[in-house]
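Keeping their order, the protein sequence lines are chains Y and U.
Positions 200 to 376 (the numbering used here) are the ones given, in order, by the first sequence.
Positions 6 to 194 (the numbering used here) are the ones given, in order, by the second sequence.
Check the hints yourself; a few may be wrong.
What the hints assert, rightly or not - Once the Cα atoms are required to be at most 25 Å apart in a straight line, the calculated BS3-like pairs of lysine-lysine come out as:
no. : chain 1 : residue 1 : chain 2 : residue 2
1   : U       : Lys93     : U       : Lys132
2   : U       : Lys22     : U       : Lys48
3   : Y       : Lys287    : U       : Lys93
4   : U       : Lys22     : Y       : Lys287
5   : Y       : Lys303    : Y       : Lys287
6   : U       : Lys147    : U       : Lys86
As the list claims (entries may be wrong) - Derived list of chain U stretches under chain Y, where covered just means 3 residues or more per stretch with a C-beta under 8 Å from a C-beta of chain Y:
no. : stretch
7   : 45-53
8   : 156-169
Unchecked claim - Covered, in the sense of this in silico footprint (three residues per stretch, anywhere, with C-beta under 8 Å from a C-beta of chain U), are these stretches of chain Y:
no. : stretch
9   : 282-289
10  : 319-332
Since the hints were derived computationally from the structure, they do not count as laboratory data.
Idealized CB from N, CA, C, for every residue including glycine.
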Amino acid sequence: MVSTTTTLEAAYDSKIESNVIVTRVDAAMNWVRKNSLWPMPMGLACCAIELMATASARFDISRFGMEVMRFSPRQADVLVVSGTVTYKMALAVKRIWDQMPEPKWCVAMGACASSGGMYRSYAVLQGIDQLIPVDVYISGCPPRPEALIAGLMRLQEKVDTEHALFDQKRSMFARSM
Amino acid sequence: MAAADDVKWIRETFAEKVLETVEFRGEQSLRVAPDALHPVLEKCRDELGFAMLLDISAVDHLGETPRFDVVYELATLDDSKHLRVKVKVAEDEPLASAVDLWGAADWHEREVWDLMGIGFVGHPNLKRILMWEGYPYFPLRKDFPLAGRPTEMPDVAFTGVAPMEGGPFVANTGAPNAVLREPRSHASD
Ligand code: SF4
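Using the sequences provided together with the hints, build the complete structure.
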């Protein structure tokens with residue numbers, strides 16, 4: 200009968216050793232986050248068609264771990280604002296952004312979401328960055344799916360350089376003070 | 006009956022209430038007095054076979070009185086003939102609603118109300134359709150600036166003023182080459 204209290208001495212074990220990676224918590228968290236960005240598709244106009252194309256087989260953003268489109272803001276990491284943000288829709292977009300849990304990022308896809316685009320008009324918000332902090336702007340009307348992928352990869356680079364833990368702690372301290 | 010005969014028939018039936026008839030490239034238009042609008046439309050539907058209302062639009066002739074033109078586009082179901090009925094209407098002077106004749110008039114009249122501020126008496130639900138209830142302006146009127154005006158309705162919506170940057174950028178449609186036809190700012194001319 201084998202005793203259950205027996206402890207093994209710590210010793211060199213090639214099987215374990217080759218599976219251990221030394222890193223910082225920040226870097227590990229960033230690595231996890233950037234490779235599993237869950238987009239919230241905020242499709243508001245024509246750009247949304249290109250967003251759909253990006254998600255489907257020919258362009259396939261699942262290659263970059265972004266295929267889990269969430270239609271609930273509570274499950275999403277990235278708000279992809281794709282399309283014309285009218286003033287009538289503006290506060291609804293903001294409300295969806297407010298419901299997304301931290302950490303979260305925002306991509307302004309296309310001329311309309313970035314700056315109002317060709318709509319210098321009474322009805323269109325002149326850039327979603329007036330309401331929401333935008334991480335990546337993608338030019339084009341509409342941007343090609345490749346451009347959207349390039350933008351999202353740029354966002355991955357940005358996520359990778361963030362201080363995941365440190366930033367979270369700082370906001371925690373800020374709140375308690 | 007072709008549309009030209011319809012126009013003649015309406016002219017005979019409504020006499021001086023028909024103010025003007027125009028034929029342009031085979032399209033028939035007639036202008037009627039505001040109080041005759043509803044009877045004319047009703048006859049068009051019931052006697053002349055215009056079972057379909059394609060559109061209602063409005064034109065702002067700022068500076069003229071009466072200020073607005075409201076335009077009704079009628080068609081038969083088999084698309085064999087079209088008729089355009091126009092009526093002049095002043096500011097703050099409502100028209101008779103056509104919702105009782107064509108269900109399609111419902112949203113079109115709301116749009117005319119929303120963007121031009123022309124009312125319709127007898128409309129069952131004359132609310133704004135594109136802008137929100139409480140928006141204080143009629144944005145397609147000529148005296149409303151293209152860039153918009155700032156408004157604020159907490160928790161509903163707000164509007165700002167768009168930077169025109171020398172715009173609007175208008176194409177020169179008659180220009181001889183593509184470079185000159187490009188949309189450009191005409192602010193300096
Ligand atoms: S940027 Fe162009 S394609 Fe995209 S929503 Fe605006 S008008 Fe449509």
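Outcome of the hint check:
1. Lys93/U with Lys132/U: holds, 22 Å
2. Lys22/U with Lys48/U: Distance ~14 Å between Lys22/U and Lys48/U Cα, so the pair holds.
3. Lys287/Y with Lys93/U: violated, 31 Å
4. Lys22/U with Lys287/Y: Distance ~42 Å between Lys22/U and Lys287/Y Cα, so the pair is violated.
5. Lys303/Y with Lys287/Y: holds, 24 Å
6. Lys147/U with Lys86/U: violated, 32 Å
7. 45-53: Contact hint for the stretch 45-53 of chain U vs chain Y: violated, 0 residues under 8 Å.
8. 156-169: holds (count 9)
9. 282-289: holds (count 3)
10. 319-332: holds (count 8)
Checked against the numbered hints listed earlier, the structure breaks hints 3, 4, 6 and 7; every other hint is satisfied.
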